[in-house]
Amino acid sequence: MMGVDLPVLWALIISFCLMMYVVLDGFDLGIGILLPFVRSIDDRDTIVNTVAPVWDGNETWLVLGGASLLAAFPLAYAVLLSALYIPLVFMLAGLIWRGVAFEFRFVAGAHRAFWDKAFAGGSYVATIAQGVSLGAFINGFNITGPSYQGGALDWLTPFSLFTGIALLAAYALLGSTWLILKTEGGLQKRMIALTRPITLTVLIGIGMVSVWTPLIHSEIAARWFSFPNLFFLAPVPLLVLGAVWAMLRVLNRAANAAPFWLALLLLFLGYSGLAISLWPNIIPPNISIWEAAAPPQSMGFALVGALFIIPFILGYTSWSYFVFRGKVKAGEGYH
Amino acid sequence: MCVKIGGNGADTANKIVATTSMEEHPVFGLSALELARIQFGFTVSFHIIFPAISIGLASYLVVLEGLWLGKGVAVFRDLYYFWSKIFAVSFVMGVVSGLVMAYEFGTNWSYFSAFAGGVTGPLLAYEVLTAFFLEAGFLGVALFGWSKVGPTLHFFATIMVALGTLISATWILASNSWMQTPQGFEIVDNRVVPVDWLQVIFNPSFPYRLAHMVVAAYLATALFVGASGAWHLLRRHDTLAVRTMLSMAMWMVLAVGPLQVLIGDQHGLNTLKHQPAKIAAIEGHWQNTPGESVPLILFGLPDMTAETTRFAVSLPHLGSLVLTHTWDGQIPGLKAFASEDRPNSTVVFWSFRIMVGLGLLMVLLGLWAGWARLRRQLYRSRLLLRFAVLMGPAGLIAILAGWFTTEIGRQPWVIYGVMRTSDAVSNHSPQELSVTLLIFVLVYCAVFGTGISYMIKLVARGPDASLGPKAENLHRGPARTLFTAAEDADLATDLVRE
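Chains as they are written, first to last, in the working numbering: chain A, 1 to 335; chain B, 1 to 498.
Certain hints may be false.
Which chain A residues face chain B? A few, computed with CB under 7 Å, are given here [claimed, not checked]:
| hint | residue |
| --- | --- |
| 1 | D56 |
| 2 | L64 |
| 3 | A67 |
| 4 | S82 |
| 5 | I96 |
| 6 | S288 |
| 7 | S298 |
| 8 | G300 |
| 9 | A302 |
| 10 | V304 |
| 11 | L314 |
| 12 | S318 |
Computed spacing ranges between beta-carbons, pair by pair [said to hold, decoys possible]:
| hint | chain 1 | residue 1 | chain 2 | residue 2 | range |
| --- | --- | --- | --- | --- | --- |
| 13 | A | Y321 | B | A338 | 54 to 60 Å |
| 14 | A | I165 | B | L442 | 44 to 50 Å |
| 15 | A | F114 | B | L383 | 39 to 45 Å |
Below, in silico cross-link-like pairs of lysine-lysine (DSS-like), each with a Cα-Cα straight-line distance of 27 Å or less [stated by the list, open to error]:
| hint | chain 1 | residue 1 | chain 2 | residue 2 |
| --- | --- | --- | --- | --- |
| 16 | A | K329 | A | K117 |
| 17 | A | K329 | B | K71 |
| 18 | A | K189 | A | K117 |
| 19 | B | K148 | B | K71 |
| 20 | A | K327 | A | K189 |
| 21 | A | K327 | A | K117 |
| 22 | B | K148 | A | K327 |
| 23 | B | K457 | A | K117 |
Quick caveat, the hints were computed from the structure, so don't treat them as lab data. By construction, the Cβ of each residue, glycine as well, lies at the ideal position given by its N, Cα and C atoms.
Let's have the full structure, built from the sequences with the hints guiding it.
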């Protein structure tokens, strides 16, 4: 492992895992967010069936993100998780509710309406908790030595609440465009109609965060608005605007897969923007990935596995998506 | 090379921080440390039930699908459908409760994670990489892919899911065993640095713990499956599928029950060698008289303050015989350890006896069923069937009792001899911990209570062929879902009754 900057590699791997999580669990949390807007029981079944065979793998990226953080940056794992204790408990509780609701709504019979509410409610709670954690992460943490020293409610700020709501819109966008891809007929039309306002909400969310963050963090402002950075980084906001414009255009035509790919592009751009703002800190505002790194023996050992196995995981995950490709028709359940 | 280092490194680093943390106000007389332990214990106890069942059922499904593909006997296919539904519910609950565990190391034990993450982190990462994705990737195909892939590929998917459960157990037990019998590391700058990964993974207690746990999962599942079969037979629901599952389960109990006793004995000897204080606490053994053998205390009440075991009913020499395999051998008593280094004997003395008592009953069940089989009474003896139903949850209770014994027996250490649990806990206030504990208790009881009741409901429906998808649909596609197919059949039965 000579000459390899292990912390940088691991930061890339963990960013990749979280990106995969946001993309994959994003659309299946998104369909939970959209469920209350769909009344018909058949449509609801179709919606849930579009993700039933794959959601479990999607959530596994979150576990891999957590485990990789512990393996590569134990200090960051310890500080971030204890600082975000309360929102993370809410996130986990939300994920539990919606995870089991997947299975229970099919066995529940008369209780199905209840488990639909649990599925939607769990999705909202988990998403808001993730968004709030993200906001608190951007805001940074008060630490001394290996320990979080802030209060139990430091994560709760107007900014973090805003990011909580903004993430709802982002996941809803992934969910609605996923459903445009996987469904047809009336349900698909309804999703196309919903996607327009959601896209604009996401644009407003990205815009607000982009203005708010440099206003409260001068070092982030310096990164974006100084020369020559301004020149190199300008494509990011421009691409966001381009993606939104393209989205609104394809929605007017016979939309199918394009909106989903555009939603992914939007999410990816937002994610990149955050990465540019925070790099190279893993515990904002001032602990870098090198300061929080695990011993090289730990990073190296885990790296061998990650580099060797992640391609296989991507391989059989894609295969599973391939097996369950195509439109999900009403009344056709995999369950 | 075995590097074993005393506890000073971690202690001093953490005490500096501990003094700066805020003054605590206990809740219900419980300190933050106790609440953090209760919270972790509560969530992990709920969690372990589901992986245990999933490990056993996944392997059982492989056997069933193999028999079906090999012999073409429909009863194995019916049983596969039946148990795959129960497996799905159990697996999902294992996944979501396990997600909590992956984060709780950081939320509740941040000092432990910062100190030892260099060892436990990579092991956990390997578990996710090699096991979780394997299970998740192939589970969809195994459960929903009948119509989408051919029989060979489907069988392959089932095998991958089962393999995933076993690989997962291997990594997590390597990590847990390292905390029990740590080796292969150094402490540099107040944190653990792995020196030799083979030493870390193959630490002294790992092979015993892994064997003990996997066999326990198989045993618990066999008891659960057997109890389901026996329950149906007692209700005169006497079908080939019901008989087959009872028969297979009882063979399994007969085979692995005594095997587990042997493994447990070896595990105990290993613990005596590496964690003698734990054995002393388990036995309620306080001190040796020179030249005298150690009795086996059958029952009693170890008293930690009076340093004695009250009301002891004991058999002479038997303690020596069991633990040293000699007539007069001695084992260290609890008084040989400083009082701040002793695990709570009152708890582990009893949790251990519950585990062993249930284990002996399992062996008895296996032998009785074997004998009844010889006399062609296996499906008829109502006394035996009732006993099998009663023993249904015994495997899971024994697993919990066993984990309580080994984890509470490791106290006061989180990493044995290296880091104390009191130095591992995060700086949360008791108020914060009690609120989150309340959330966990409410969510877990509601969600997993419902889940367990669904599992029992599914079991009660029985592996009737008419409930599963029709034979001609296999590999071409059940048009309805597995669950809704069962719902329909249920509805039909209800209509017939009315």
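Would the hint on S82 (chain A) stand, with a C-beta cut-off of 7 Å toward chain B?
-> holds (4 Å)
Starting from the range 44 to 50 Å, see whether the pair I165 (chain A) and L442 (chain B) falls in it by beta-carbon distance.
-> Distance hint for I165 (chain A), L442 (chain B) is violated at roughly 25 Å.
Pair hint K148 (chain B) and K327 (chain A), alpha-carbon separation not exceeding 27 Å = Status holds; Cα separation ~14 Å.
Measuring from the C-beta of D56 (chain A) to each C-beta in chain B, is the shortest one below 7 Å?
-> holds (4 Å)
Hint status (Cβ of A67 (chain A) to nearest Cβ of chain B, threshold 7 Å) = holds (4 Å)
Regarding F114 (chain A) and L383 (chain B), is the given constraint of 39 to 45 Å on their beta-carbon distance met?
-> With a Cβ separation near 41 Å, F114 (chain A) and L383 (chain B) satisfy 39 to 45 Å, so the hint holds.
Does the structure keep K327 (chain A) and K117 (chain A) at a Cα separation of 27 Å or less?
-> With Cα atoms ~25 Å apart, K327 (chain A) and K117 (chain A) stay inside 27 Å; holds.
Interface hint compliance - L314 (chain A) to chain B, C-beta minimum distance less than 7 Å | violated (9 Å)
Hint status (Cβ of L64 (chain A) to nearest Cβ of chain B, threshold 7 Å) | It holds, given that the least Cβ distance between L64 (chain A) and chain B is near 5 Å, below 7 Å.
Any CB of chain B closer than 7 Å to the CB of S318 (chain A)?
-> violated (10 Å)
Pair hint outcome, K148 (chain B) versus K71 (chain B) [Cα-Cα no greater than 27 Å] | holds (23 Å)
Given pair status - K117 (chain A), K329 (chain A), alpha carbons within 27 Å | holds (23 Å)
The structure fails to meet hints 6, 8, 10, 11, 12, 14 and 17 from the earlier list, while all remaining hints are met.
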